[in-house]
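These protein sequences, in sequence, are chains A and B.
Take 1 as the starting number for the first sequence in UniProt numbering and just add one per residue.
Take 1 as the starting number for the second sequence in UniProt numbering and just add one per residue.
Derived by calculation from the structure, the hints in this document are not laboratory data.
Quick caveat, the model's predicted, so the values are computed rather than measured.
Heads up, some of the hints might be wrong.
Stated by the list, open to error - Label-pair ranges, simulated between beta-carbon atoms:
no.: 1; chain 1: A; residue 1: Gly344; chain 2: B; residue 2: Met93; range: 26 to 34 Å
no.: 2; chain 1: A; residue 1: Lys353; chain 2: B; residue 2: Ser85; range: 21 to 29 Å
no.: 3; chain 1: B; residue 1: Ser85; chain 2: A; residue 2: Met1; range: 39 to 47 Å
no.: 4; chain 1: B; residue 1: Gln20; chain 2: A; residue 2: Glu330; range: 51 to 59 Å
no.: 5; chain 1: B; residue 1: Met93; chain 2: A; residue 2: Met1; range: 17 to 25 Å
no.: 6; chain 1: A; residue 1: Ala298; chain 2: B; residue 2: Ser74; range: 48 to 56 Å
no.: 7; chain 1: A; residue 1: Ser31; chain 2: B; residue 2: Lys79; range: 40 to 48 Å
no.: 8; chain 1: B; residue 1: Asp13; chain 2: A; residue 2: Glu308; range: 23 to 31 Å
Even glycine gets a Cβ: it sits at the ideal position worked out from N, Cα and C.
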Amino acid sequence: MARQTPLNEAHRKLGARMVDFAGWDMPVQYSGIIDEHETVRTAVGLFDVSHMGEVEFTGPGALETVNGLISNDLARIADGQAVYAGLLDERGTFVDDVVAYRFSPERILICVNSSNREKDFAWMKAHAQGVTPVDRSDDFAQIAVQGPKAASLVQRLTKTDVSKIGTYRFAEGEVAGIPSIISRTGYTGEDGFELYCPAKDAVALWDALLTEGQQDGVKPCGLGARDSLRTEMKYALYGNDIDDQHTALEAGLGWIVKLDKAAFIGKEALVAQKAAGLKRKLVGFELTGNGIPRHGYAILKDGARVGEVTSGTKGPSVNKAIGIGYVPAELAAEGSTFDVDIRGRAVPAVVVKTPFYKKP
Amino acid sequence: MANVPGDLKYTEDHEWARVQGKVVVVGVTDHAQTSLGDVVYVELPKVGAKVSKGDAVGTIESVKAVSELFSPVSGTVVKVNDELSESPEDINMEPYGDGWLLEIELSDPKQVDGLLDAAAYTELLKNA
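With the sequences and hints as input, model every part of the structure.
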């Protein structure tokens with residue numbers, strides 16, 4: 001039996017098409033992926049991301065404990081700021097990618113991927129030196145409000161001045177009378193918020209956003225649009241673009257790895273890899289022939305398999321067949337060419353600068 | 001409820017066939033286009049290709065997924081809808097009209113008798 005978020009019934013009432021996603025019964029689309037994608041690029045869309053997990057560290061030493069687990073550095077940011085980070089194993093490959101919220105040095109909240117919730121929590125419990133983590137996943141629901149009209153929509157529902165919340169910053173306040181963490185983060189490339197609220201209040205918050213957002217053209221959006229939006233930004237998806245087989249450096253996520261901070265799991269392996277040089281890299285490419293690249297397709301050079309597509313789609317905003325994949329370092333430069341094996345056809349592709357989508 | 005025109009024949013793989021003498025026009029049903037979601041790319045066989053009933057003769061890709069297109073009959077491909085390379089969304093908008101896929105000249109005209117009629121296909125959808 002698939003797990004359900006507190007908004008499951010709301011999705012069904014809105015006519016969503018539901019699918020099994022990592023053991024969760026989730027909406028893949030409502031009006032259509034392209035329509036929802038364009039709504040987020042031009043107006044505002046709502047995503048139920050309550051299936052994501054939350055792990056909390058509270059008490060003296062919370063910051064130091066989490067800093068020993070994640071690749072980014074919580075000591076460099078202020079209270080009220082968040083960082084994107086890797087939970088890495090000793091080889092520098094991913095246990096998961098997470099967002100860590102610094103409320104204070106004694107309270108850190110980590111948002112983890114739904115598919116990795118149990119694994120991450122067990123891993124953090126096993127590796128945390130100091131503060132013991134608490135799994136808060138079932139306490140929170142999470143709604144992402146994404147698009148150029150997200151700020152005005154959320155502002156009309158809260159007394160918190162959202163113009164004071166910068167990118168990757170957050171505040172605690174009430175939205176539609178519901179206590180929420182208002183976080184200026186997202187996974188779409190658009191301005192927006194991720195609102196964390198008590199699970200029991202999720203339906204009320206969702207309904208308030210839908211009702212108030214009518215004048216903005218708000219639409220509920222599913223996992224399909226979330227995937228096409230994030231692919232156009234080349235944001236990594238765990239299980240596709242990042243996993244426990246590729247290091248954070250190979251994934252092009254060196255910017256979330258602070259090798260100069262105190263010890264964290266995976267640091268030594270990455271220091272060594274950096275010194276030795278990377279053999280493969282994650283790149284963004286466009287097809288110059290016909291077809292659409294998909295996860296798992298082979299990347300070929302002169303007929304030989306040299307890499308693999310990790311994500312791909314026809315990007316609705318860029319109107320091109322775009323893909324992400326691992327290639328040997330010598331093929332990683334912009335302008336490099338290779339082929340993608342699309343069901344037996346070798347279709348030419350070229351490495352391009354990412355993100356694929358740039359705001360007009 | 002999916003639109004199932006009464007004058008067409010259907011397959012269990014959700015293709016439709018419009019029989020016009022020795023030639024059959026083929027497309028995917030309203031139900032199929034709804035299930036696929038936004039169609040963004042179509043791969044069709046070449047004109048002149050010989051196909052057998054049940055052969056995978058092309059692919060239809062939506063934003064999310066790749067689906068095979070199966071030939072409902074045996075024969076020779078005599079025409080393909082080239083417009084779809086420019087506007088694959090026609091399959092979503094008009095699955096029985098501008099979204100047609102290809103025309104096959106039947107090698108055995110009796111084969112169309114083996115296809116489902118609208119009532120049988122509607123029944124199949126009910127049980128899907």
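Self-check item: Consistency of beta-carbon spacing, lysine 79 of chain B to serine 31 of chain A, with hint 40 to 48 Å
Solution: With a Cβ separation near 33 Å, serine 31 of chain A and lysine 79 of chain B fall outside 40 to 48 Å, so the hint is violated.
Self-check item: Verdict for glycine 344 of chain A, methionine 93 of chain B (Cβ pair) under range 26 to 34 Å
Solution: At roughly 30 Å between Cβ atoms, methionine 93 of chain B and glycine 344 of chain A fall inside 26 to 34 Å, so the hint holds.
Quiz item: Does the Cβ distance between aspartate 13 of chain B and glutamate 308 of chain A fall inside 23 to 31 Å?
Solution: 30 Å, holds
Self-check item: Distance restraint hint 48 to 56 Å, applied to the beta-carbon atoms of alanine 298 of chain A and serine 74 of chain B
Solution: Since the Cβ atoms of alanine 298 of chain A and serine 74 of chain B sit about 33 Å apart, the hinted range of 48 to 56 Å is violated.
Quiz prompt | Cβ distance range 21 to 29 Å for lysine 353 of chain A and serine 85 of chain B, holds or violated | solution = Because 27 Å falls inside the window, the suggested range holds.
Quiz item: Honestly, do glutamine 20 of chain B and glutamate 330 of chain A meet the 51 to 59 Å range at C-beta?
Solution: 55 Å, holds
Exercise. Check the following: the C-beta atoms of methionine 93 of chain B and methionine 1 of chain A are separated by a distance inside 17 to 25 Å.
Key: Given a distance of about 37 Å, which is not inside 17 to 25 Å, the answer is violated.
Quiz item: Does the hinted range 39 to 47 Å hold for serine 85 of chain B and methionine 1 of chain A at CB?
Solution: The hint (39 to 47 Å, Cβ to Cβ) holds, given that serine 85 of chain B and methionine 1 of chain A are roughly 43 Å apart.
Taken one by one, the earlier hints fail for this structure at numbers 5, 6, 7, listed in ascending order.
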